[in-house]
Amino acid sequence: MSFDKKVTIAHLSDLHFASRNDRYLTARLDVMLAEFVRRKYDHLVLTGDLIDTASPALWTIIRDALSRHGLFDWTKTTVIPGNHDLIDLEEEMRFYNALNPDDRSRQRRLDERLRQFNALFHSLITDDGDAGAGVPFVKVLRFGEIALSFVAVNTVAPWSGLDNPVGARGSVSHETLMALQEPEVRQALDGTFIIGLCHHAYKVYGTGALVDQAFDWTMEFKNRDEYLGAMRSLGAKMVLHGHFHRFQVYQVVGIPFINGGSFRYSPERYGELTIGADGRWSHRFVNLALKK
Numbered sequence: 001m002s003f004d005k006k007v008t009i010a011h012l013s014d015l016h017f018a019s020r021n022d023r024y025l026t027a028r029l030d031v032m033l034a035e036f037v038r039r040k041y042d043h044l045v046l047t048g049d050l051i052d053t054a055s056p057a058l059w060t061i062i063r064d065a066l067s068r069h070g071l072f073d074w075t076k077t078t079v080i081p082g083n084h085d086l087i088d089l090e091e092e093m094r095f096y097n098a099l100n101p102d103d104r105s106r107q108r109r110l111d112e113r114l115r116q117f118n119a120l121f122h123s124l125i126t127d128d129g130d131a132g133a134g135v136p137f138v139k140v141l142r143f144g145e146i147a148l149s150f151v152a153v154n155t156v157a158p159w160s161g162l163d164n165p166v167g168a169r170g171s172v173s174h175e176t177l178m179a180l181q182e183p184e185v186r187q188a189l190d191g192t193f194i195i196g197l198c199h200h201a202y203k204v205y206g207t208g209a210l211v212d213q214a215f216d217w218t219m220e221f222k223n224r225d226e227y228l229g230a231m232r233s234l235g236a237k238m239v240l241h242g243h244f245h246r247f248q249v250y251q252v253v254g255i256p257f258i259n260g261g262s263f264r265y266s267p268e269r270y271g272e273l274t275i276g277a278d279g280r281w282s283h284r285f286v287n288l289a290l291k292k
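For the sequence shown, the tail end lands on 292 under our numbering, and the numbers increase by one without skipping.
Hints may contain errors.
Keeping only pairs whose Cα atoms sit at most 27 angstroms apart, straight-line, the calculated DSS-like set for lysine-lysine is [said to hold, decoys possible]: (1) Lys6 - Lys40; (2) Lys222 - Lys203; (3) Lys237 - Lys203; (4) Lys222 - Lys237; (5) Lys237 - Lys5; (6) Lys5 - Lys76; (7) Lys40 - Lys5; (8) Lys40 - Lys76; (9) Lys237 - Lys40; (10) Lys237 - Lys6; (11) Lys6 - Lys76; (12) Lys76 - Lys237.
These are calculated hints, taken from the structure and not from any lab test.
Starting from the given sequences, assemble the full structure and let the hints guide the process.
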């Protein structure tokens with residue numbers, strides 16, 4: 001598909017940095033970001049699980065890499081968190097936390113990490129100096145005649161020994177779903193090409209095999225149909241996500257969902273989205289020829 005005027009977006013997900021000493025993955029990320037700059041992509045989207053251990057200090061690996069390549073800028077990069085960014089399984093499963101009947105403490109820990117995430121990536125979330133800005137957010141960008149918007153939500157749910165034992169199930173809060181229906185949100189999105197951003201996958205395996213169903217449950221986007229309804233109501237053209245480490249494109253009730261796979265396990269691969277001024281778009285997965 002050819003476009004006279006276009007916007008190009010690179011999509012990465014699930015980088016899962018576990019240490020500052022991971023020189024191999026850092027080098028691969030530098031190669032990938034340098035390639036994005038060389039190919040002159042208009043924007044980069046990262047859909048969560050930047051790190052593996054929910055240690056806020058490790059987010060700076062991503063920030064510093066983006067800065068080295070001139071990409072730590074509101075107009076150039078958009079980022080959201082994943083469950084590995086916000087849930088420290090080791091902390092949650094400690095005896096005194098795991099047996100604490102007060103679920104509010106788990107939510108408080110998640111909220112505090114989200115606050116720290118918003119603070120570190122604040123300049124990628126807003127350009128108007130709003131100190132309270134953070135995920136969820138709406139971001140509108142204009143590239144000449146083309147206006148596009150990102151509707152970014154947090155889908156990370158607190159750890160629970162019964163309902164979320166590996167911390168990988170997710171949901172969008174009722175408050176976020178309600179906020180997306182506010183008139184000012186619709187007004188901001190009016191006339192733009194709308195892209196939903198979330199971490200959790202609408203679809204995992206989805207087979208009849210019991211082992212797949214068990215895995216699906218541990219990874220489940222619990223209120224995915226409510227989220228889908230919100231995206232359809234807003235007129236979203238697609239949703240970009242990660243979480244399930246598989247590069248794939250699938251449709252749900254007419255809305256394409258694009259899974260960015262995992263950079264950690266496939267550091268040569270990424271998604272490329274091209275949007276034309278007339279609203280047409282195309283997508284492909286690109287494989288770089290990396291030296292071993």
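Hint check:
1. Restraint check: the Cα-Cα separation between Lys6 and Lys40 comes to about 12 angstroms, which is no more than 27 angstroms; the hinted pair holds.
2. This hinted pair checks out: Lys222 and Lys203 have alpha carbons roughly 11 angstroms apart, not beyond 27 angstroms.
3. Straight-line distance between C-alpha atoms of Lys237 and Lys203 comes to about 17 angstroms, which keeps the hinted pair within the 27 angstroms bound.
4. With a CA separation close to 22 angstroms, the supplied pair Lys222 and Lys237 stays within the 27 angstroms bound.
5. At most 27 angstroms may separate the alpha-carbon atoms for a hinted pair to count; Lys237 and Lys5 meet this at roughly 18 angstroms.
6. Of the supplied pair hints, the one linking Lys5 and Lys76 holds, its CA atoms being roughly 18 angstroms apart against a limit of 27 angstroms.
7. About 14 angstroms separates the Cα atoms of Lys40 and Lys5, which keeps this hinted pair within 27 angstroms; it holds.
8. For a cut-off of 27 angstroms, the pair hint linking Lys40 to Lys76 stands: about 11 angstroms separates their Cα positions.
9. For the suggested pair Lys237 and Lys40, the alpha carbons sit about 23 angstroms apart, so the restraint of at most 27 angstroms is met.
10. Distance check on the hinted pair: Lys237 and Lys6 sit about 16 angstroms apart at the alpha-carbon level, within 27 angstroms; holds.
11. With a CA separation close to 15 angstroms, the supplied pair Lys6 and Lys76 stays within the 27 angstroms bound.
12. Pair hint Lys76 plus Lys237 holds up; C-alpha atoms about 20 angstroms apart against a cutoff of 27 angstroms.
The structure shown violates none of the earlier numbered hints.
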